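Undergrad: Below, each chain spelled out in residue letters.
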Amino acid sequence: MAVKKMGLKQKYAHLTRGLDWETSYQKMDDVFPYDQFEGIKITDWSKWEDPFRLTMDAYWKFQAEKERKLYAVIDAFAQNNGQLNVSDARYINVLKLFLTGVSPLEYQAHRGFAFTGRHMRGVGPRIAAQMQSLDELRHFQTQAHTISHYNKFFDGIAEFQHMHDRVWYLSVPKSFFDDARAAGPFEFMIAIGFAFEYVLTNLLFVPFMSGAAYNGDMSTVTFGFSAQSDESRHMTLGIEVIKFLLEQHPDNLPIVQKWVDKWFWRGFKVLGLVAMMMDYMLPKKVMSWKEAWEIYFTEAGGSLFTDLERYGLKVPKYADVATEMAEHISHQNWAVFYQYTHAAAFHTWTPDKEHLDWLSEKYPNTFDKYYRPRWEMWAKMDEEGKRFYNMALPQLCQTCQIPMAYTEPGDPTQIAFRCTEWNGEMYHFCSDGCKDIFDDEPEKYAQSWLPVHQIFQGNCGGPTVPDVLNWYRLNVGADNMDYVGSPDEQVWNSWKGKAPAEAAE
Amino acid sequence: MPVIALDKDYAKKVEFRDNVNNFHGNQLTYVHWEEHNMFCSAIAFPLPPAMPFGALVSEVIAPHYAAHPDAAKIDWSKVEWMIDGKKVTPDFDKSLAENGMKHKSLVRFWTPGLNGYKGTYS
Numbered sequence: 001m002a003v004k005k006m007g008l009k010q011k012y013a014h015l016t017r018g019l020d021w022e023t024s025y026q027k028m029d030d031v032f033p034y035d036q037f038e039g040i041k042i043t044d045w046s047k048w049e050d051p052f053r054l055t056m057d058a059y060w061k062f063q064a065e066k067e068r069k070l071y072a073v074i075d076a077f078a079q080n081n082g083q084l085n086v087s088d089a090r091y092i093n094v095l096k097l098f099l100t101g102v103s104p105l106e107y108q109a110h111r112g113f114a115f116t117g118r119h120m121r122g123v124g125p126r127i128a129a130q131m132q133s134l135d136e137l138r139h140f141q142t143q144a145h146t147i148s149h150y151n152k153f154f155d156g157i158a159e160f161q162h163m164h165d166r167v168w169y170l171s172v173p174k175s176f177f178d179d180a181r182a183a184g185p186f187e188f189m190i191a192i193g194f195a196f197e198y199v200l201t202n203l204l205f206v207p208f209m210s211g212a213a214y215n216g217d218m219s220t221v222t223f224g225f226s227a228q229s230d231e232s233r234h235m236t237l238g239i240e241v242i243k244f245l246l247e248q249h250p251d252n253l254p255i256v257q258k259w260v261d262k263w264f265w266r267g268f269k270v271l272g273l274v275a276m277m278m279d280y281m282l283p284k285k286v287m288s289w290k291e292a293w294e295i296y297f298t299e300a301g302g303s304l305f306t307d308l309e310r311y312g313l314k315v316p317k318y319a320d321v322a323t324e325m326a327e328h329i330s331h332q333n334w335a336v337f338y339q340y341t342h343a344a345a346f347h348t349w350t351p352d353k354e355h356l357d358w359l360s361e362k363y364p365n366t367f368d369k370y371y372r373p374r375w376e377m378w379a380k381m382d383e384e385g386k387r388f389y390n391m392a393l394p395q396l397c398q399t400c401q402i403p404m405a406y407t408e409p410g411d412p413t414q415i416a417f418r419c420t421e422w423n424g425e426m427y428h429f430c431s432d433g434c435k436d437i438f439d440d441e442p443e444k445y446a447q448s449w450l451p452v453h454q455i456f457q458g459n460c461g462g463p464t465v466p467d468v469l470n471w472y473r474l475n476v477g478a479d480n481m482d483y484v485g486s487p488d489e490q491v492w493n494s495w496k497g498k499a500p501a502e503a504a505e
Numbered sequence: 001m002p003v004i005a006l007d008k009d010y011a012k013k014v015e016f017r018d019n020v021n022n023f024h025g026n027q028l029t030y031v032h033w034e035e036h037n038m039f040c041s042a043i044a045f046p047l048p049p050a051m052p053f054g055a056l057v058s059e060v061i062a063p064h065y066a067a068h069p070d071a072a073k074i075d076w077s078k079v080e081w082m083i084d085g086k087k088v089t090p091d092f093d094k095s096l097a098e099n100g101m102k103h104k105s106l107v108r109f110w111t112p113g114l115n116g117y118k119g120t121y122s
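From first to last, the protein sequence lines are chains E and G.
Read left to right, the first sequence gives residues 1 to 505 (the working numbering).
Read left to right, the second sequence gives residues 1 to 122 (the working numbering).
Rather than coming from a laboratory, the hints here were simulated on the basis of the structure.
It is possible that some hints are incorrect.
[As the list claims (entries may be wrong)] Mimicking DSS-like on lysine-lysine, the simulated pairs with C-alpha atoms at most 25 Å apart in a straight line are:
(1) E:LYS11 - E:LYS41
(2) E:LYS369 - G:LYS87
(3) E:LYS9 - E:LYS27
(4) E:LYS314 - E:LYS47
(5) G:LYS118 - E:LYS380
(6) G:LYS86 - E:LYS27
(7) E:LYS41 - G:LYS118
(8) E:LYS369 - E:LYS41
(9) E:LYS496 - E:LYS152
(10) E:LYS362 - G:LYS118
(11) G:LYS118 - E:LYS435
(12) G:LYS87 - E:LYS435
(13) G:LYS87 - E:LYS444
(14) E:LYS498 - E:LYS285
(15) G:LYS118 - E:LYS386
(16) E:LYS353 - E:LYS386
(17) G:LYS78 - E:LYS435
(18) E:LYS9 - E:LYS41
(19) E:LYS41 - E:LYS4
A quick note: this is a predicted structure, and the numbers were derived from the prediction, not measured.
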């Protein structure tokens with residue numbers, strides 16, 4: 001007997017709807033305990049429009065096909081010694097930052113979407129969250145596999161997951177996701193699905209993937225292509241979530257607006273690592289952070305929020321402050337790593353003259369006035385045999401956990417200090433944005449695991465810097481310090497038949 | 001505003017990680033040399049509250065900022081101090097606690113006439 005084949009639409013409906021039931025032995029509220037306490041009101045889950053009509057069987061087929069292509073390229077890259085074709089071994093430090101700082105977030109996103117998928121009462125968002133959860137797990141795995149080739153030749157890669165949980169600056173991305181995952185499912189969806197995946201994702205993915213392309217790293221570029229169709233699905237989900245919540249009930253607007261404000265600021269601070277990578281770490285530059293910010297936030301974000309105006313949603317609070325900071329954030333961040341290079345799991349360097357000229361050109365309003373003199377001063381100190389290391393530990397922001405290295409809006413000469421007294425104790429912040437987030441939920445952020453304070457409390461392997469680095473599994477003398485003089489430089493020069501930099505001059 | 005959490009007793013279960021009792025008799029002190037942003041941020045130290053302010057200056061602050069070319073030119077008697085947002089004249093012989101410093105106090109100081117490498121605040 002011939003079986004009539006179902007149309008795509010019909011098939012989709014059968015595979016995604018009517019999969020659940022109204023429970024009778026247990027109360028529905030007990031089965032779904034997480035989807036009400038945040039105050040979000042959902043009147044009709046069936047109004048959820050699936051942003052992408054993808055069934056599970058089609059999903060497996062697509063992903064398997066992409067996987068086959070990716071692994072074929074990775075194999076070819078390894079067989080052809082693709083590492084020899086990158087622009088410069090300094091580039092590898094971009095991958096170290098990505099693998100230690102970003103890839104573990106993919107894994108966190110996998111877990112976060114799995115949880116959200118379980119705890120949303122409506123079947124539409126459950127299916128979408130489940131697929132995104134699988135995507136994120138796949139991204140984590142394929143990134144680790146792609147970058148593992150470089151682990152055969154370069155330092156600072158092998159212990160990425162361990163480092164993510166312990167190293168001081170990696171607490172910045174880690175705590176960002178911990179914060180999102182410790183929130184309810186709706187806040188998680190706005191935090192990661194909307195603010196991160198929709199509003200800010202281009203500022204993360206495009207710089208890393210174009211950076212890879214410009215610098216001859218074909219394996220990472222291929223990973224980027226393989227993730228691209230997933231990313232566009234994630235963006236569509238992010239925008240659907242916000243529209244759904246705002247259409248369901250007018251009471252949702254102030255809650256959603258608060259989350260958008262918060263997660264825009266949280267995301268912007270984390271992206272400061274990308275800013276530094278673009279302006280300082282790529283041997284062949286793609287564009288400046290400021291240019292990327294203008295294209296992907298000011299212009300793209302601007303039209304997005306114009307579109308969302310009809311729901312009453314406004315541009316995130318402090319977006320103007322973030323835009324002003326785009327002039328400064330990369331310089332201030334690279335200066336942090338330059339002076340704490342002894343405690344970083346990647347290499348740093350002083351920008352050379354050509355690089356400084358590029359920065360002067362890209363930041364005509366600020367670079368020559370504030371930052372170029374700093375690099376020239378440090379270069380001079382280095383020449384005199386007094387390379388600057390900051391031997392004290394930095395004050396960290398209670399919310400974003402970044403060293404409080406950012407200057408006052410409107411005054412780049414002065415570090416911004418903000419403080420709240422709560423429950424008899426002082427809490428310090430780098431910005432009004434971070435202070436507002438704390439003030440709204442002090443009970444949450446008073447629990448921040450601030451690496452500097454944890455070291456002082458004796459929870460990080462011991463009292464001395466070598467003790468702490470050992471606890472990080474940071475291989476001192478190989479993973480850390482300046483690129484010039486590193487084993488990475490040595491191996492690169494041996495491949496390229498070059499004498500060490502100093503001898504060549 | 002009450003905590004928004006699934007657990008009604010959430011606030012009671014919070015672990016305040018940086019309680020002064022966790023610092024083995026010390027209190028946290030943050031120090032920042034204004035107009036010298038070569039030091040990327042304020043720096044943090046766990047210090048005994050009974051430490052004299054003078055010792056904070058000579059044993060903690062001075063050595064940690066010594067790398068800066070301006071450091072040797074500092075006249076400590078002319079330094080302007082701010083503790084937790086208030087301009088003050090600390091008594092160098094008295095302790096940190098007697099100078100009003102608490103756990104996580106922030107000490108900012110200005111060195112008139114010295115404002116960084118070539119006057120660029122670096």
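Undergrad: So, for every hint listed, does it hold in this structure?
TA: The hints, checked one at a time:
The straight-line distance between the Cα atoms of E:LYS11 and E:LYS41 is roughly 31 Å, outside the 25 Å bound, and the hint therefore fails. Distance restraint check for E:LYS369 and G:LYS87: the Cα-Cα separation of roughly 29 Å exceeds the 25 Å cut-off, and the hinted pair is therefore not satisfied. Note on E:LYS9 and E:LYS27: the hinted pairing is violated, with a Cα-Cα distance of about 33 Å set against a maximum of 25 Å. Between E:LYS314 and E:LYS47 the alpha-carbon distance is near 24 Å, which keeps this suggested pair within the 25 Å criterion.
Note on G:LYS118 and E:LYS380: the hinted pairing holds, with a Cα-Cα distance of about 13 Å set against a maximum of 25 Å. With a CA separation close to 57 Å, the supplied pair G:LYS86 and E:LYS27 exceeds the 25 Å bound. Of the supplied pair hints, the one linking E:LYS41 and G:LYS118 is violated, its CA atoms being roughly 59 Å apart against a limit of 25 Å. With a CA separation close to 51 Å, the supplied pair E:LYS369 and E:LYS41 exceeds the 25 Å bound.
Between E:LYS496 and E:LYS152 the CA atoms are separated by roughly 17 Å; this keeps the pair inside 25 Å, and the hint holds. Taking the CA atoms of E:LYS362 and G:LYS118, the gap is about 23 Å. The hint holds against a cut of 25 Å. With a C-alpha separation of about 34 Å, the suggested pairing of G:LYS118 with E:LYS435 is violated against the 25 Å cut-off. For the proposed pair G:LYS87 and E:LYS435, the alpha carbon gap of about 23 Å is at most 25 Å, so the pair holds.
With a C-alpha separation of about 32 Å, the suggested pair G:LYS87 and E:LYS444 falls outside the 25 Å cut-off, and the hint is violated. Under the criterion of a C-alpha separation no larger than 25 Å, the hint pairing E:LYS498 with E:LYS285 is consistent with the structure, at around 23 Å. Straight-line distance between C-alpha atoms of G:LYS118 and E:LYS386 comes to about 18 Å, which keeps the hinted pair within the 25 Å bound. Restraint check for E:LYS353 and E:LYS386: the C-alpha separation of about 20 Å stays at or below 25 Å, so the hint holds.
A threshold of 25 Å between alpha carbons decides the hint, and for G:LYS78 with E:LYS435 the separation of about 33 Å lies outside it, so the pair is violated. Our distance criterion of 25 Å between C-alpha atoms is broken by E:LYS9 and E:LYS41, whose separation comes to about 29 Å. The suggested pairing of E:LYS41 with E:LYS4 is violated, with an alpha-carbon distance near 42 Å, which exceeds 25 Å.
Comparing the model with each numbered hint stated earlier shows that hints 1, 2, 3, 6, 7, 8, 11, 13, 17, 18, 19 do not hold.
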